[in-house]
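Participant: Work out the full structure: start from the sequences and follow the hints.
Those protein sequences? They're chains A and B, same order as listed.
Position one of the first sequence corresponds to residue 1 (my numbering), numbered consecutively onward.
Position one of the second sequence corresponds to residue 1001 (my numbering), numbered consecutively onward.
A hint or two may mislead.
Once the Cα atoms are required to be at most 27 Å apart in a straight line, the calculated DSS-like pairs of lysine-lysine come out as [to be verified]:
(1) Lys1228/B with Lys1156/B
(2) Lys73/A with Lys88/A
(3) Lys47/A with Lys64/A
(4) Lys1149/B with Lys73/A
(5) Lys88/A with Lys1149/B
(6) Lys47/A with Lys1156/B
(7) Lys1147/B with Lys58/A
(8) Lys1201/B with Lys64/A
(9) Lys1231/B with Lys1219/B
(10) Lys58/A with Lys1238/B
(11) Lys125/A with Lys73/A
(12) Lys1250/B with Lys1020/B
(13) Lys47/A with Lys1184/B
In case anyone wonders, no lab produced these hints; they're calculated from the structure.
These are the residues of each chain, in order.
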Amino acid sequence: MFQKPSPEIALSHKDNHMRPHDDVETIVGPSVHVEGDFSSEGNILVKGIVSGNVRTSKLFTSEKGSKVLASVKAGNSIISGAVKGNVKVDDRLELTASAQVLGDIECGILVVEAGAMIRGKVSMKGVASIEDPNQSKKPSLIRKLKEGEEMPAE
Amino acid sequence: MYVYLYDNFLRGRKFESTIKAIETRLTDFEIAGKIVRLQNFVNPQAIIEEEIKKGAKVIVIVGNDHTFGRVLSQGAVCNILFGFLPVGPENSIANVLGIPEGEAACEVLSQRRKVNLDIGWVSNRNRYFISQLHIPPSDIVVEYDEKFKVVGRNKKMELVVCNLQPFVWNDKNNNLVVHPQDGKLEAFLRPMSGRGIFKDKFEDPSVFPFEEMTVSSDKPFEVEADGKTTKETKIVIKLAKKRIEMIVGKERQF
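Facilitator: Take a look at the structure:
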């Protein structure tokens, strides 16, 4: 009746699970506190508190109620908790209604749900390549005037 | 030369016919060899070293998961090719290695498909562990790869490190699957949320893949590795990459 605690209670072996699994998943549970820089080659799911930089080349997910107290660098990210630090995502960043980001955001694609809070600068890839047509004409105008040509009529 | 290490439980009448069939099949494949019976208090490492001196080239473990863990936790230091013939109940590691039970395993052994396996190493008594390591709920602090530290907010945490067996965490919403031989060991950490009438209550687990981990505590805590229990205040768990050379089946799970 009073069983000795054993891993078999929690972790049961199943023979029918033969599916190959290539993503190593790191999970920070809800009542766990991680201190220090934290990096993984696979997906990271945070439900608790992380006090340190988080780094992954794959998906970073933070659940509602979680806290990350440093910068986040990831391939893709879905944030539902609080992040107090800069967020740098290579591809797609999704902020859900419960997300709170206190820091600068850098990403490729940004999806923000109504209710999400951001306090910081948002910069996205691809914005720099769009040039203002008026600004692009100015250097050529200066060059022509220097050569002693007349100013073209407007 | 093949040396077969038989577990003591195989003396039972129940296994007589299976053992006979295996021995006949091994003779057919011309890989029959010396049989050594493992008594309860015998150190398998000493036996293996002795047989290597006598010219053994392959050590074949005959028995179940417990036999496999018992032999390799001490015998992994020996540089020799290992084989496994699963007989009897509690044979889940054989499934991972792609070795069928009983007589059919002889064919896998004869084919000699060799693979180097990653195993776990634990600092107390300088031992290896094959299937898993378990620390019951204790006031432990876990440090991973000398980079980050994990502390439970409720203090007491249970730790399970999985190695060769794939495990499934049966959660309400999702199933976590841990796979062997992915170049990392997987650690499950469960903080205790309280004590129930029949069993302790736990919170959702944390999972961390790692190569080196230090577990420490002010008070001594229990460490159970492949069935052996000791009390420690600090242990280091490491991944011993490609430590064992093993004959495996075509249907292996890694």
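Participant: Does each hint fit the structure? Answer for all of them.
Facilitator: Cross-check of the supplied hints:
1. Lys1228/B with Lys1156/B: Holds - the C-alpha atoms of Lys1156/B and Lys1228/B are around 22 Å apart, at most 27 Å.
2. Lys73/A with Lys88/A: holds (5 Å)
3. Lys47/A with Lys64/A: holds (7 Å)
4. Lys1149/B with Lys73/A: holds (19 Å)
5. Lys88/A with Lys1149/B: holds (24 Å)
6. Lys47/A with Lys1156/B: This hinted pair holds, its Cα atoms lying about 18 Å apart.
7. Lys1147/B with Lys58/A: Distance ~20 Å between Lys1147/B and Lys58/A Cα, so the pair holds.
8. Lys1201/B with Lys64/A: Status holds; Cα separation ~23 Å.
9. Lys1231/B with Lys1219/B: Measuring from Cα to Cα gives roughly 10 Å; hence the hint holds.
10. Lys58/A with Lys1238/B: Holds, at roughly 25 Å.
11. Lys125/A with Lys73/A: This hinted pair holds, its Cα atoms lying about 15 Å apart.
12. Lys1250/B with Lys1020/B: Cα-Cα ~25 Å, so holds.
13. Lys47/A with Lys1184/B: Within the cut-off at roughly 22 Å; holds.
When the structure is compared with the earlier hints, no violation turns up for any of them.
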